[in-house]
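Chains as they are written, first to last, in my numbering: chain X, 1 to 140; chain P, 1001 to 1140.
If you are wondering where the hints come from, they were derived from the structure by calculation, not from laboratory data. C-beta atoms are modelled at their ideal positions from N, C-alpha and C, and glycine is treated no differently. Where hints are given, some of them may not hold.
As the list claims (entries may be wrong) - Computed list of chain P residues with no C-beta within reach of chain X, every gap over 10 Å: (1) 1003; (2) 1061; (3) 1063; (4) 1066; (5) 1090.
What the hints assert, rightly or not - Stretch-level coverage of chain P by chain X, calculated; a stretch enters the list once three of its residues show a Cβ under 8 Å from a Cβ in chain X: (6) 1031 to 1038; (7) 1044 to 1051; (8) 1072 to 1078; (9) 1101 to 1115; (10) 1127 to 1134.
If you want the building blocks of each chain, they are given just below.
There are 2 protein chains.
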Amino acid sequence: MFTTPEEAESTFYEASRLADLALMMQVWSEDDDVVCIHPGGIRLIGRAAIQSSWGQIFNNGPLTIRPLRPVVIPGVMSSAHVLIEHVSAITPDGIQTANCYATNLFHKGPAGWRLILRHAAGAPRDADLFDLQDIPDILH
Amino acid sequence: MFTTPEEAESTFYEASRLADLALMMQVWSEDDDVVCIHPGGIRLIGRAAIQSSWGQIFNNGPLTIRPLRPVVIPGVMSSAHVLIEHVSAITPDGIQTANCYATNLFHKGPAGWRLILRHAAGAPRDADLFDLQDIPDILH
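Next comes chain X alone, as it looks inside the complex (with noise of 0.2 Å):
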């Protein structure tokens, strides 16, 4: 039980690292409508369908995802985070790495901070060198 979206956030991450798809799928929301995009996928609807798609990553091992740079937009019972992700991965021509940006969707229910939507994209090269925003230096 997450009592943060921060916490559910930091476990979501951790389950990639480790590559343990039960500590994934308790960070999910129980509800039907949850979605998950993975950068170049087709969209995801739905439980099965989401632990389907990251047992088949898992499959290839683990996935390290480094979070930088949140922007949270709180809400009531809710909370957004449009993060930068430093991607890499173990594959057959070595270590792959990307930038994606990434949109979680934390909802509060009974059962604590779940991720109810995740949609994330590849982001251009320089993406966590900065961002054009009204004041700089100063959000983040």
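The hints should help you fit chain P onto chain X, whose structure is shown.
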């Protein structure tokens, strides 16, 4: 003043179609931490950065974005929509089209429903044909 998230969202698409920057900015929340990520673009944080970016886009003319197959995740005073978008724009090389996934997050405040976060990114060519979901053709 938008009384539903759907009304705010349809105004977003109308503003794109009309290249109407003032209308577009009526859709966005007055909060400091509004975030917009265009497909392939750098993360934009704050109303001024977002307004500047849409201004540049509209300088090139209208943008026809046709929203399809929304998945709506309702919350308390919030609503997250994950859509497929057919984007078409007129360029010197003719009409260019692309599929995108977009996450639009709306919050309800004293000024009604407003867009507080938009994350749009390229989607696979066949994204408009199907999702990977638990209960095909029932949820939508």
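Do the hints match the structure? See the list:
no.: 1; hint: 1003; result: holds (18 Å)
no.: 2; hint: 1061; result: holds (22 Å)
no.: 3; hint: 1063; result: holds (19 Å)
no.: 4; hint: 1066; result: holds (16 Å)
no.: 5; hint: 1090; result: holds (24 Å)
no.: 6; hint: 1031 to 1038; result: holds (count 5)
no.: 7; hint: 1044 to 1051; result: holds (count 6)
no.: 8; hint: 1072 to 1078; result: holds (count 6)
no.: 9; hint: 1101 to 1115; result: holds (count 4)
no.: 10; hint: 1127 to 1134; result: holds (count 6)
Checked against the numbered hints given earlier, this structure breaks none of them.
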